[in-house]
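Colleague: Sequence:
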Amino acid sequence: MARDSWAYREVAVESVVDARTGRLRIRPVPGQAYATSLRVQCARALRDPEQYPAGTRFLLSAKLTDRQGGAPFLYAWHGDPVDVMSAARLKRFLAERKRLRI
Numbered sequence: 280m281a282r283d284s285w286a287y288r289e290v291a292v293e294s295v296v297d298a299r300t301g302r303l304r305i306r307p308v309p310g311q312a313y314a315t316s317l318r319v320q321c322a323r324a325l326r327d328p329e330q331y332p333a334g335t336r337f338l339l340s341a342k343l344t345d346r347q348g349g350a351p352f353l354y355a356w357h358g359d360p361v362d363v364m365s366a367a368r369l370k371r372f373l374a375e376r377k378r379l380r381i
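Going letter by letter, the sequence shown gives residues 280 to 381 in my numbering.
The hints are simulated quantities; they were obtained by calculation from the structure and are not laboratory data.
There could be a bad hint or two in this list.
[Claimed, not checked] Under the rule of at most 25 Å between Cα atoms (straight-line distance), these lysine to any residue pairs were calculated in the SDA-like manner:
1. LYS370 x ARG346
2. LYS370 x ALA312
3. LYS377 x TRP285
4. LYS377 x VAL361
5. LYS377 x GLY349
6. LYS377 x PRO309
7. LYS377 x GLY301
[Unchecked claim] What follows is a set of in silico ranges between Cβ atoms, one per label pair, in the way DEER data are often shown:
8. TRP285 x VAL361: 32 to 42 Å
9. ALA333 x ARG368: 14 to 24 Å
10. ALA374 x ARG346: 28 to 38 Å
11. VAL363 x LEU317: 30 to 40 Å
12. ARG371 x GLN347: 31 to 41 Å
No residue lacks a Cβ here, since even glycine has one placed at the ideal position from N, Cα and C.
Could you put together the complete structure from these sequences and hints?
Modeller: Given below as structure tokens:
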């Protein structure tokens with residue numbers, strides 16, 4: 280079964296150290312439509328501190344979903360290529376997608 284490409288959106292995420300476990304976790308970058316507390320399910324390689332240290336930012340193609348009525352989370356397919364974002368590129372990305380209030 281093919282992925283529904285219309286359901287996926289570009290989302291900037293970053294790796295941060297989880298205070299409870301001490302391991303890296305992935306969360307949405309602040310300034311987007313998604314809360315930073317929202318879970319992100321993606322490739323384990325993004326959480327490998329030897330490959331990508333804490334604070335590394337990525338661009339993912341993700342969709343908002345839930346599992347049979349559970350808590351919502353962002354899902355990114357594990358086979359997508361890894362796209363590391365520089366600070367300047369992240370700034371441009373957030374500026375282009377800034378949600379303006381009327």
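Colleague: Next, verify each hint and record whether it holds.
Modeller: Hints, verified against the model:
Simply put, LYS370 and ARG346 have alpha-carbon atoms about 32 Å apart, too far for the 25 Å limit, and the pair is violated. The suggested pairing of LYS370 with ALA312 holds, with an alpha-carbon distance near 15 Å, which does not exceed 25 Å. With a C-alpha separation of about 21 Å, the suggested pair LYS377 and TRP285 falls inside the 25 Å cut-off, and the hint holds. For the hint linking LYS377 to VAL361, the alpha-carbon distance of about 24 Å falls within 25 Å, and the restraint holds.
This hinted pair does not check out: LYS377 and GLY349 have alpha carbons roughly 29 Å apart, beyond 25 Å. This hinted pair checks out: LYS377 and PRO309 have alpha carbons roughly 11 Å apart, not beyond 25 Å. Taking the CA atoms of LYS377 and GLY301, the gap is near 32 Å; set against the 25 Å cutoff, the hint is violated. Separated by about 23 Å at the C-beta atoms, TRP285 and VAL361 break the suggested range of 32 to 42 Å.
For ALA333 paired with ARG368, a C-beta distance near 19 Å keeps the hint of 14 to 24 Å intact. Restraint check, ALA374 to ARG346: a C-beta distance of roughly 33 Å satisfies the suggested window 28 to 38 Å. Taken as a hint, the range 30 to 40 Å is violated for the pair VAL363 and LEU317, whose Cβ atoms sit roughly 21 Å apart. Taking the beta carbon of each, ARG371 and GLN347 are about 38 Å apart, inside 31 to 41 Å as hinted.
When each numbered hint is compared with the structure, violations occur for hints 1, 5, 7, 8, 11.
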